[in-house]
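Put chain B on the given structure of chain A with help from the hints.
Respectively, the protein sequence lines represent chains A and B. In terms of UniProt numbering, the first sequence is residues 1 to 191. In terms of UniProt numbering, the second sequence is residues 1 to 191.
Because the hints were derived from the structure by calculation, they are not lab data. The reader is advised that the hints may include incorrect statements.
As the list claims (entries may be wrong) - Derived, one-sided and incomplete: chain A residues facing chain B with beta-carbon distance under 8 Å: (1) R27; (2) M93; (3) I97; (4) A103; (5) T110; (6) P114; (7) T120; (8) Y123; (9) A150; (10) P153; (11) G161; (12) P170; (13) P176.
Said to hold, decoys possible - Sample of chain A residues lacking proximity to chain B, with all beta carbon distances greater than 12 Å (derived): (14) R9; (15) G32; (16) E36; (17) V38; (18) Q42; (19) G44; (20) Y48; (21) W79; (22) D82; (23) L87; (24) L104; (25) A132; (26) E137; (27) D140; (28) M159.
Bear in mind the structure is a predicted one, so any value in this text is a computation, not a measurement. We treat Cβ as the ideally placed atom computed from N, Cα and C, and that holds for glycine.
There are 2 protein chains.
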Amino acid sequence: MARARSEARRAEILQAAVEVIAERGYRGASLGAVAERVGLTQQGLLHYFPTKEALLVAVLEERDRWDTGGGSHTSAGPWRLDLLASLVDYNAMRPGIVQTFSALLGESVTEGHPAREFFTERYEQVRAEMAAVLRAEFGDRLPSGLTPEAAAPLLTAVMDGLQYQWLLAPETVDMPAAFRAFLTLLHGGQA
Amino acid sequence: MARARSEARRAEILQAAVEVIAERGYRGASLGAVAERVGLTQQGLLHYFPTKEALLVAVLEERDRWDTGGGSHTSAGPWRLDLLASLVDYNAMRPGIVQTFSALLGESVTEGHPAREFFTERYEQVRAEMAAVLRAEFGDRLPSGLTPEAAAPLLTAVMDGLQYQWLLAPETVDMPAAFRAFLTLLHGGQA
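The shape of chain A in the complex, shown without the other chains:
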């Protein structure tokens, strides 16, 4: 019972964090602002999430769970290439969380950063998922002759890389259209 209450509180905090991120962006998403929204002291919040990074990593994990339809990370489950395109459409409507992902990913490559392990493991899983998606779509070879395993890091890289270009110039970079152009490339042409 105490555990269920604690779980519910945790979920409430994550929801509040998502809202604060959406309203104020990555920098504005302080532990204090999130604590205030759920009616906790900052000290009380630290009981659930000891650092801002820990809170943000939990937010990103929660997003991943939602985006994959509540399924496990390692299952290729519900993904298909056209659903990935819809996910990119959806991301283009939530700059706050995309900014949080991109800023934290940038920090994570520095020495001893607390989010490094999260991103390292996440990429391992995402590449495996993307390879499974590509195999389901194309079999053992893409039209270009690439294997799904060779194309998976590229699919992942394009999604991440386009986010930076879009965040910096949302009026210039049409992220959903660019991602669909990449799918055209994977299919070997405008078929």
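Just chain B now, with coordinates in the frame of chain A:
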């Protein structure tokens, strides 16, 4: 004469910063460490670069100048797709500067960051350069039917996105091989 001396000093500081970054990484590259290496006080260094971000942006600008053969940013000048592959090979041998680029890019998407303008303008230029490279290689249409302008953000995104995957898992991700796989994709197959 004073101006020439100042320019020389500036170049010396940038060189020292590149060395400190290579040895200690992004976090270790403090203004103090760079000042020490060139025999300046930190106060003296601030005369040339008022913040760590300003110094790092200058380092990245200098790298861009070197990488493009000393040519102007806006000229498509010496670039060809096979030279881009060589640049990726080269980057795989200098993790410090790649880490600096990637970490600063991540920070730059947050509100009011001092490197935001640098990266926004840089992407504008890089996309134009990449479009010119692709047009020189393929003409007005790639084998996939994409225009050079549609493929340019993808080429840029793949380079940046692969760097994150590689920095987080250098033993797992073969960045140069992955980039060459992308070139195969652009060419429409293993021709």
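Now for the hints, and whether the structure bears them out:
Taking 8 Å as the C-beta cut-off, the interface hint given for R27(A) holds, the closest approach to chain B being about 5 Å. The beta carbon of M93(A) comes no nearer than 17 Å to any beta carbon in chain B, farther than 8 Å, and the hint placing it at the interface is violated. Hint status for I97(A): violated, given a least beta-carbon distance of 12 Å to chain B, over 8 Å. Residue-level restraint check for A103(A) holds (minimum Cβ-Cβ distance to chain B is 5 Å; threshold 8 Å).
For T110(A), the interface hint holds, the least distance from its beta-carbon to any beta-carbon of chain B being 5 Å, beneath 8 Å. Residue-level restraint check for P114(A) is violated (minimum Cβ-Cβ distance to chain B is 13 Å; threshold 8 Å). Residue-level restraint check for T120(A) holds (minimum Cβ-Cβ distance to chain B is 4 Å; threshold 8 Å). With 8 Å as the threshold, the beta carbon of Y123(A) comes within range of chain B, its nearest partner Cβ sitting at about 5 Å, so the hint holds.
Contact between A150(A) and chain B, as hinted, is supported at the beta carbon level, the nearest pair being about 5 Å apart and thus within 8 Å. Taken as an interface hint, P153(A) checks out: its beta carbon lies about 5 Å from the nearest beta carbon of chain B, inside 8 Å. A cut of 8 Å between beta carbons decides the hint on G161(A): the least distance to chain B is about 3 Å, and the hint holds. Given hint, P170(A) at the interface with chain B, is violated; its Cβ is 11 Å from that chain's nearest Cβ, farther than 8 Å.
For P176(A), the suggested interface contact is broken, since its CB lies about 12 Å from the closest CB of chain B, more than 8 Å. Distance check for R9(A) against chain B: the nearest CB is about 28 Å away, which clears 12 Å, and the non-interface claim stands. Under the 12 Å C-beta cut-off, the non-interface status given to G32(A) relative to chain B holds; the minimum distance is some 17 Å. Residue-level check passed: E36(A) sits 19 Å from the nearest beta carbon of chain B, beyond 12 Å.
Distance to chain B confirms V38(A) as a non-interface residue, since its nearest Cβ pair spans about 23 Å, more than 12 Å. Interface exclusion of Q42(A) from chain B stands, the closest Cβ pair being 21 Å apart, more than 12 Å. Chain B leaves G44(A) outside its interface by the beta-carbon criterion, the shortest separation being 27 Å against a cut-off of 12 Å. Chain B leaves Y48(A) outside its interface by the beta-carbon criterion, the shortest separation being 24 Å against a cut-off of 12 Å.
No beta-carbon of chain B is positioned within 12 Å of the beta-carbon of W79(A); the least distance is around 18 Å. No Cβ of chain B comes within 12 Å of the Cβ of D82(A); the nearest lies about 18 Å off, and the non-interface call holds. The claim that L87(A) lies off the interface holds: its Cβ sits roughly 16 Å from the closest Cβ of chain B, which is beyond the 12 Å cut-off. The claim that L104(A) is not at the interface with chain B is violated, since a C-beta of that chain comes within 12 Å of its own (minimum 7 Å).
Under the 12 Å C-beta cut-off, the non-interface status given to A132(A) relative to chain B holds; the minimum distance is some 17 Å. Distance check on E137(A): its Cβ is at least 14 Å (rounded) from any Cβ of chain B, clearing the 12 Å threshold; non-interface status holds. Listed as a non-interface residue, D140(A) keeps its Cβ farther than 12 Å from every Cβ of chain B; the least gap is roughly 14 Å. The beta carbon of M159(A) sits about 7 Å from the closest Cβ of chain B, which is not more than 12 Å, so the claim that it is off the interface is violated.
Going through the hint list in order, the structure does not satisfy hints 2, 3, 6, 12, 13, 24, 28.
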